[in-house]
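Full structure from sequences and hints, please.
Letter by letter, the chains look like this.
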Amino acid sequence: MIAQPADASASFGRGAHLRKPVARTDAFEASQGWRAWRGVAGVCAALLIALAGVRFPAAYGQQRLVRLTHDGHLKQRPSWSPDGRWLAFTRHEGHAIAVYLRAADGSEEKRLTRRTDPEMDAVWSPDGRRLAFTFDKTAPNQGDMDVYTVGPDGEELQPVLVSAGKLSHEEWPSWSPDGQWLALTSTRDGNQELYVVRPDGRDLRRLTSDPALDMHPAWSPDGQRIVFATSRWGDLELASIRSDGSDLVRLTTSAGLDDYPAWSPDGRQLAFVSNRTGNFEVFVCDPQGQDVRNVTQHPAIDTFPAWTPSGGLTFVSNRDGGFDLYLLPAVPGAGR
Amino acid sequence: MLRLGLQRVCGDGRISRRALVYAGGLGVAGLALDDLFRLEASTGQAPRRKARSIILLWLWGGPSHLDTFDPKPQAPVQYRGPFAPIATRVPGIQISELLPQLAARADRFALVRSLHCRSNDHGIAGTIGLTGSDAGGMSLGGQVVPGALGPAHGAVVSKVLGFDASMPRFVTLGGHLHQGKRPIHGEGGGPLGPLHDPLRADYDPAQGVKLPQLDLIGGQSADLLSDRQRLREALDGQLRVLERWPAIDRLDQFRRQALGLLTSPEARQVFDLSREGETLRRRYGMFRFGQCCLLARRLVEAGVRLVQVNWSSHVEPVEDTGDGGWDMHDRNFQQLQDRHAWMLDQALAALLDDLSDRGLLAETIVVAVGEFGRTPRINEKAGRDHWERCYSGLVAGGGLRVGQVVGASDARGELPVDQPVTPADLFRTLLQQMGIGTTQLTTAGLTPRGELIEALL
Numbered sequence: 001m002i003a004q005p006a007d008a009s010a011s012f013g014r015g016a017h018l019r020k021p022v023a024r025t026d027a028f029e030a031s032q033g034w035r036a037w038r039g040v041a042g043v044c045a046a047l048l049i050a051l052a053g054v055r056f057p058a059a060y061g062q063q064r065l066v067r068l069t070h071d072g073h074l075k076q077r078p079s080w081s082p083d084g085r086w087l088a089f090t091r092h093e094g095h096a097i098a099v100y101l102r103a104a105d106g107s108e109e110k111r112l113t114r115r116t117d118p119e120m121d122a123v124w125s126p127d128g129r130r131l132a133f134t135f136d137k138t139a140p141n142q143g144d145m146d147v148y149t150v151g152p153d154g155e156e157l158q159p160v161l162v163s164a165g166k167l168s169h170e171e172w173p174s175w176s177p178d179g180q181w182l183a184l185t186s187t188r189d190g191n192q193e194l195y196v197v198r199p200d201g202r203d204l205r206r207l208t209s210d211p212a213l214d215m216h217p218a219w220s221p222d223g224q225r226i227v228f229a230t231s232r233w234g235d236l237e238l239a240s241i242r243s244d245g246s247d248l249v250r251l252t253t254s255a256g257l258d259d260y261p262a263w264s265p266d267g268r269q270l271a272f273v274s275n276r277t278g279n280f281e282v283f284v285c286d287p288q289g290q291d292v293r294n295v296t297q298h299p300a301i302d303t304f305p306a307w308t309p310s311g312g313l314t315f316v317s318n319r320d321g322g323f324d325l326y327l328l329p330a331v332p333g334a335g336r
Numbered sequence: 001m002l003r004l005g006l007q008r009v010c011g012d013g014r015i016s017r018r019a020l021v022y023a024g025g026l027g028v029a030g031l032a033l034d035d036l037f038r039l040e041a042s043t044g045q046a047p048r049r050k051a052r053s054i055i056l057l058w059l060w061g062g063p064s065h066l067d068t069f070d071p072k073p074q075a076p077v078q079y080r081g082p083f084a085p086i087a088t089r090v091p092g093i094q095i096s097e098l099l100p101q102l103a104a105r106a107d108r109f110a111l112v113r114s115l116h117c118r119s120n121d122h123g124i125a126g127t128i129g130l131t132g133s134d135a136g137g138m139s140l141g142g143q144v145v146p147g148a149l150g151p152a153h154g155a156v157v158s159k160v161l162g163f164d165a166s167m168p169r170f171v172t173l174g175g176h177l178h179q180g181k182r183p184i185h186g187e188g189g190g191p192l193g194p195l196h197d198p199l200r201a202d203y204d205p206a207q208g209v210k211l212p213q214l215d216l217i218g219g220q221s222a223d224l225l226s227d228r229q230r231l232r233e234a235l236d237g238q239l240r241v242l243e244r245w246p247a248i249d250r251l252d253q254f255r256r257q258a259l260g261l262l263t264s265p266e267a268r269q270v271f272d273l274s275r276e277g278e279t280l281r282r283r284y285g286m287f288r289f290g291q292c293c294l295l296a297r298r299l300v301e302a303g304v305r306l307v308q309v310n311w312s313s314h315v316e317p318v319e320d321t322g323d324g325g326w327d328m329h330d331r332n333f334q335q336l337q338d339r340h341a342w343m344l345d346q347a348l349a350a351l352l353d354d355l356s357d358r359g360l361l362a363e364t365i366v367v368a369v370g371e372f373g374r375t376p377r378i379n380e381k382a383g384r385d386h387w388e389r390c391y392s393g394l395v396a397g398g399g400l401r402v403g404q405v406v407g408a409s410d411a412r413g414e415l416p417v418d419q420p421v422t423p424a425d426l427f428r429t430l431l432q433q434m435g436i437g438t439t440q441l442t443t444a445g446l447t448p449r450g451e452l453i454e455a456l457l
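For the protein sequence lines, the chains are C and L, in the order given. The first sequence begins at 1 in this note's numbering and counts up one residue at a time. The second sequence begins at 1 in this note's numbering and counts up one residue at a time.
Hint data in this document are derived by calculation from the structure and do not stem from the laboratory. Predicted model, so just to flag it, every value in this text is computed and none were measured. Ideal Cβ positions, reconstructed from N, Cα and C, are used throughout, including at glycine.
Derived Cβ-Cβ restraints for the label pairs, each shown as a range: (1) SER209(C) / PRO73(L): 16 to 26 angstroms; (2) GLU454(L) / GLN290(C): 48 to 58 angstroms; (3) ALA206(L) / ASP247(C): 43 to 53 angstroms; (4) THR279(L) / THR253(C): 34 to 44 angstroms.
Rendered as structure tokens:
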């Protein structure tokens with residue numbers, strides 16, 4: 001069952017009904033004092049409810065959200081180290097896109113490397129000893145994206161899959177649970193398709209062959225399947241295939257794009273992004289694409305979900321103005 | 001002036017052609033057409049639906065029309081891309097699902113889906129978009145199109161309305177446009193001279209508003225200079241520099257104007273975004289383009305007649321990673337979804353709301369367009385290449401007829417099939433709406449380019 005958005009008007013554009021733009025007039029500005037009083041009243045009401053032992057619906061547990069960063073720069077693809085001590089993420093700052101490592105307790109943050117060309121979308125290997133990431137060589141000017149691995153100390157840079165002969169883009173690596181393979185996308189054969197390859201670049205295998213776009217693979221914790229986003233049925237929907245490319249199964253059918261799938265550590269849930277309610281929210285569902293729940297429910301953009309080793313969700317949101325990382329320590333509805 | 005005010009007006013409320021010609025003559029003697037507009041207004045029968053200002057959101061690099069304002073869901077998968085269309089507030093009009101806030105405001109804008117131009121080179125198409133002609137445009141290879149380079153649309157406005165020492169007519173927010181290392185011709189006054197070049201400003205998320213032409217003031221931003229003590233210290237220091245500067249007497253009017261802007265507290269406040277509430281600033285978006293749109297609103301509110309907001313200086317998104325251009329030969333869909341589309345959606349929707357709430361939308365034209373569109377057929381790198389044969393633009397406000405689509409493209413978005421129009425047609429129409437028509441242009445010594453798009457008027 002799909003959770004309904006907190007603001008029903010957020011479903012505008014999907015044919016539900018039209019949303020009138022909020023009138024923002026001088027009177028609106030003048031009403032700030034009244035709003036402040038309403039805020040106080042709201043806090044009092046919340047306290048009363050809490051004291052009465054009434055639990056908030058899980059999907060509205062935004063009070064439990066932890067904001068991890070405060071710089072507001074655009075960010076993408078967070079990834080927790082297997083031991084939960086480090087969070088890798090990509091930050092856009094000025095003319096730079098770089099991967100950063102942030103200590104779980106916030107005591108330390110450092111760049112993964114010191115290179116000037118854009119680096120992005122780093123993801124930890126299952127043993128925590130390597131990070132696979134996308135390396136964008138900007139020369140001459142079109143960009144040339146390749147997948148490399150590097151140690152957590154930024155040393156021992158090793159190519160996984162690079163352009164061969166002509167410009168192509170390899171990106172969005174995802175480790176197999178045994179660390180012996182990486183799933184990724186490449187345009188090397190004339191369209192964006194899914195591939196798997198050994199971390200040292202051997203045994204490249206193409207998994208999909210469709211004129212649509214296939215992107216953002218996520219390898220299941222049991223190693224059996226790879227979930228990805230595809231445009232073969234219209235706009236982006238989630239699908240899964242076996243790790244040998246067989247047995248394509250469509251997981252979502254929504255009036256909106258579904259993208260950036262991420263497996264929970266126990267393999268029982270998938271997190272993904274969808275704009276099916278009118279703006280980008282993070283949803284979770286079971287591995288068959290059923291029991292879909294909106295876990296962010298906020299009019300801001302919520303995207304790039306990533307699970308913590310203990311089953312929490314980290315995502316990127318601009319709910320406080322700029323784009324920052326947030327942590328939902330417990331996912332509403334998990335463990336049912 | 002008095003005599004002009006007694007001129008007969010035409011039946012439709014417009015001042016007679018003779019009066020306009022006379023006014024043009026007066027312009028030579030110091031009476032600019034701006035005075036004419038005031039006189040028109042004083043008659044109480046000023047032309048209806050006349051816009052006062054234009055905000056040009058210059059989507060440098062060329063957005064994909066199929067993925068923004070002209071979706072083709074029925075086209076083959078190799079064309080339509082991974083984004084679906086959504087309904088808008090106007091029945092029958094659909095735009096990309098990446099633009100939900102604009103969809104909710106479709107009654108406030110018109111889409112022109114039949115734009116086309118004569119070049120798929122950023123340099124030449126950029127010149128066409130900014131001046132209405134390819135003359136003087138420079139290609140990626142460095143070849144220059146024969147003919148005299150025309151003035152930018154903002155320079156035309158500046159010329160016709162006359163130079164204003166207290167407030168520039170034409171402001172560009174953003175750096176100089178270029179492709180690779182080659183500059184784009186046609187951003188400034190051109191044959192009209194540097195007096196009609198734009199005043200340039202920009203917004204940097206880390207530094208606030210920047211006024212590069214005011215680098216006389218030690219590189220301090222307008223935000224920083226909002227502190228009176230710091231301003232006084234900066235100016236004291238600057239005066240000492242100026243006193244030693246032998247070229248002080250050769251400061252042209254333009255720099256005097258710029259310096260005047262900074263030293264006039266009232267004028268300087270226009271550039272001080274900290275005077276806006278945090279809520280409104282967030283509504284525009286705390287990224288460069290969003291804050292530039294807010295700055296554009298402040299500028300037109302203060303009297304600037306054409307504000308050009310450059311999405312970026314580079315055409316390539318990879319070159320300017322925060323909010324680089326729309327030239328998405330590669331990874332078009334990823335970049336649209338992750339950055340460009342929502343940035344445009346949020347900032348432009350906020351701009352329309354803000355202008356409307358302040359009663360400015362009726363007199364301010366907002367136009368969002370790039371130099372061309374992108375290939376309907378997706379290339380082998382999940383991108384789209386240059387496509388000048390058909391693309392889209394958005395216009396709003398200024399008394400234009402909105403809530404409609406003008407023109408149409410074919411089933412794959414490859415060619416216009418109804419009402420094909422050029423960038424020259426578009427800006428001829430917008431200038432007309434500002435009261436700058438054939439008479440005003442020729443009186444100012446300018447050659448009118450393009451035809452009016454009647455459906456917008």
